[in-house]
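Participant: Chain by chain, the residues:
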Amino acid sequence: MIDLSKNHFDLFGLPVAFVLDVAELSGRYRELQRVVHPDRFASASDQEQRLALQQATQVNEAFEILRDPLKRAIYLLQLQGVDTDQATATTRDAAFLMQQMELREALAETRSDPNPLARLDDLMRKIGAMLQSQVAELAVQLETGTPEQLESARESVSKMQFLNKLFNEAEALEAELEEAN
Amino acid sequence: MALLQIAEPGQSTAPHQHRLAAGIDLGTTNSLVASVRSGVAETLPDQQGRHLLPSVVRYTSDGVVVGEGARAASALDPDNTIVSVKRIIGRGLDDLRHIGGRLPYHFVDTDSAVPRIQTVVGPVSAVEVSAEILKNLAARAEVTLGGELSGVVITVPAYFDDAQRQATKDAAKLAGLKVFRLLNEPTAAAVAYGLDREAEGLHAIYDLGGGTFDISILRLNKGVFEVMATGGDSALGGDDFDHVLAEWIMQQAGIGPDADSGLLRTLMNKAREAKESLASDRVATIEVDVRGAAPWRGELSRETFNQLIDPLVRRTISACRRALRDAGVGAGEIADVVMVGGSTRTLYVREKVGEFFATEPLVDIDPDRVVAIGAALQADVLAGNKPEDEMLLLDVIPLSLGIETMGGLVEKIIPRNTTIPVARAQEFTTFKDGQTAMAVHVLQGERELVSDCRSLARFELRGIPPMVAGAARIRVTFAVDADGLLQVEAEELSQGVRASVEVKPSYGLTDQEIADMLRASIEHAGEDIAARRLAEQKVEAARVIEALQAALASDGDELLNDEERARVDGALEDLRKLAESAGEADAIKKGIEGLEKSCEFYVERRMNSNIRKAMAGHKVDEFE
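Protein chains in written order, with the numbering used here: chain A, 1 to 181; chain B, 1 to 624.
Hints are not guaranteed to be accurate.
[As the list claims (entries may be wrong)] Taking CB as the label site, the calculated pair distances span:
| id | chain 1 | residue 1 | chain 2 | residue 2 | range |
| --- | --- | --- | --- | --- | --- |
| 1 | A | Q161 | B | A616 | 48 to 54 Å |
| 2 | A | A94 | B | A113 | 53 to 59 Å |
| 3 | B | E460 | A | R67 | 34 to 40 Å |
| 4 | A | D10 | B | D94 | 55 to 61 Å |
| 5 | A | Q161 | B | A259 | 56 to 62 Å |
| 6 | A | Q99 | B | A113 | 46 to 52 Å |
| 7 | B | A113 | A | R111 | 36 to 42 Å |
Because the hints were derived from the structure by calculation, they are not lab data.
From the three backbone atoms N, C-alpha and C, an ideal C-beta is built for every residue, glycine too.
Starting from the given sequences, assemble the full structure and let the hints guide the process.
Facilitator: Shown next, in the form of structure tokens:
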């Protein structure tokens with residue numbers, strides 16, 4: 001087995017850090033899969049096939065987490081013992097919460113818009129930009145990693161979870177509107 | 001005459017022998033088989049020179065007819081002639097009512113979850129019908145290539161769900177074929193095009209077959225095909241064009257919906273002919289003989305045809321838009337759109353796809369053959385014929401997987417477009433005090449409500465220690481392998497009790513049903529079951545021995561000390577002797593397990609060594 005005590009960054013031979021080069025990560029991911037993927041063992045013994053399956057699964061899991069900024073941030077916080085349980089996710093940022101309410105209202109209103117799909121597209125772009133700015137903040141917060149910075153990072157993670165949820169709802173509405181089309 | 005060669009005991013006769021392998025495109029309307037010969041992948045014709053095998057099976061009291069002969073009889077003997085079986089495979093009776101169009105079969109009620117069609121030889125399932133097509137193609141390949149196939153790659157629509165994939169694999173098992181891999185059709189097409197052109201970057205594969213539609217977005221990078229998103233509709237295809245056309249003819253000719261199944265078949269054939277002629281002509285002439293009335297004659301313009309199929313084509317474009325969104329790319333970033341499937345010959349389809357992606361779609365490889373060719377290339381790699389080959393396919397699951405929670409809602413455990421293989425776990429808890437069992441309902445689909453998703457399996461977790469509600473912690477693990485097939489496990493964690501799990505496939509054949517079918521087909525062929533199992537285990541033992549010898553030759557000296565090497569060699573020798581002398585399949589099976597156990601440390605060491613080597617070129621300080 002791949003050594004389980006290794007963290008996901010070690011598996012890819014990368015330093016433990018929030019800022020990473022996704023192209024480099026993807027390149028290493030492909031190199032690892034070339035070695036462990038079950039297709040490499042299609043004619044091998046059942047035992048090797050099982051092992052390849054486990055390892056390819058683990059490489060996929062690690063890649064999935066490192067590639068996505070939100071998952072990467074949560075993972076880094078976990079490595080430092082900071083709890084990011086979704087159920088207890090909160091933020092005290094009143095301005096952010098106000099903005100969330102406005103976005104939700106805007107989402108509800110798209111249904112009655114004469115051109116709902118275009119309106120929805122605008123809204124999703126806006127949410128996407130807000131997510132991007134949270135990623136930029138995380139880069140700073142996780143760089144120094146003081147207790148205060150980690151607490152801010154935890155809050156950024158919560159905000160991103162809010163935004164992602166909203167984005168998913170917008171997507172679901174889009175699928176619904178397209179189906180009705 | 002050449003002398004027969006006899007190898008020294010324990011030595012493989014030809015370690016680098018080319019293994020015969022084939023790619024099979026098991027299509028709704030037509031099927032094909034292809035293989036790599038002298039480095040070139042090509043589809044294999046039958047003795048009459050025909051490459052396409054119509055996916056039609058006719059059951060008669062004198063035997064089974066597959067292909068052209070069966071299709072010719074489809075209007076005369078509709079009840080015993082099964083067409084488009086791919087639309088039925090892996091589906092339950094309830095599903096079949098939702099599939100567009102009329103299915104002219106008599107389904108019989110049985111205890112099994114799998115629908116059976118009544119024929120002169122008795123009820124048959126879609127798995128058995130598909131197995132007949134596979135057997136026919138495998139036999140064609142073995143005759144053409146001059147030997148037994150070591151394994152095959154069978155293509156399936158990317159949008160096939162777990163039950164449909166499992167059923168396809170069951171059909172191969174029934175046909176006596178070793179499946180190296182189930183490969184998604186669009187990925188196969190990408191392999192055929194990509195290797196041909198060495199095209200890097202983002203590609204879209206638009207695959208509209210007879211009964212299924214797939215769209216895949218892939219990135220090709222140095223021989224690695226990474227599927228970024230896939231979408232589609234497993235019940236939408238060129239057959240639906242025929243259906244709307246046939247309905248239009250019925251309307252024009254005043255034919256009522258109570259027409260007999262022979263006339264319906266004729267109408268479908270007329271509709272298909274008209275559709276095909278409109279790929280080159282602006283107007284198609286249609287003539288239909290109606291029993292007891294004057295023959296009807298009419299004209300269909302390309303414009304009217306386009307109007308009729310427009311809603312169907314638009315559904316495919318919506319799926320393209322969703323796939324791009326899932327992949328996180330814009331339509332303008334797609335370098336090429338590859339057209340696959342016979343239905344992309346329809347000009348209106350090409351026009352609309354070209355408009356959407358703002359690029360001229362690629363049609364230069366025969367859309368009927370491109371999937372089989374890609375599958376053959378992959379089969380050749382998986383057979384081990386190209387150990388240095390750089391090609392690797394990384395595919396995704398097409399639909400989200402989840403389980404039922406309180407209130408008839410679905411909790412997603414693995415979202416769609418996750419790269420496979422993948423394993424994810426989620427924890428659940430009990431609802432009532434003292435609850436000792438839990439029903440787990442596995443679902444596939446994107447919607448929130450259980451009733452809108454597809455039921456894959458139900459099982460019960462028993463033996464949970466009685467506790468207050470919410471105290472038990474039950475972990476449900478989903479694992480999807482490289483074929484896209486799902487395995488589910490459930491475990492109670494709080495007291496370390498591993499409870500029993502029993503999976504009942506909602507729409508699949510049970511293992512027992514498959515074993516029975518297999519036994520029946522072997523007995524029918526007059527073979528001895530015990531002898532066949534023994535022969536199979538001997539082949540398996542030889543395969544394991546050969547793989548281990550190859551491993552030892554490449555890195556045994558490097559990774560094993562003298563004592564370990566002696567142990568591995570001893571275990572190897574034990575199995576070799578056993579396989580030679582044993583008269584029972586189970587004894588050899590135990591021997592293989594024994595060898596695998598004693599060499600486990602070595603296999604793991606090899607894998608880790610390979611991973612280290614792969615990452616050795618990189619240093620952490622590259623980033624500092």
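Participant: All hints, please: hold or fail.
Facilitator: Evaluated hints:
{"no.": "1", "hint": "A:Q161 - B:A616: 48 to 54 Å", "verdict": "violated (38 Å)"}
{"no.": "2", "hint": "A:A94 - B:A113: 53 to 59 Å", "verdict": "holds (55 Å)"}
{"no.": "3", "hint": "B:E460 - A:R67: 34 to 40 Å", "verdict": "holds (37 Å)"}
{"no.": "4", "hint": "A:D10 - B:D94: 55 to 61 Å", "verdict": "violated (49 Å)"}
{"no.": "5", "hint": "A:Q161 - B:A259: 56 to 62 Å", "verdict": "holds (57 Å)"}
{"no.": "6", "hint": "A:Q99 - B:A113: 46 to 52 Å", "verdict": "holds (51 Å)"}
{"no.": "7", "hint": "B:A113 - A:R111: 36 to 42 Å", "verdict": "holds (40 Å)"}
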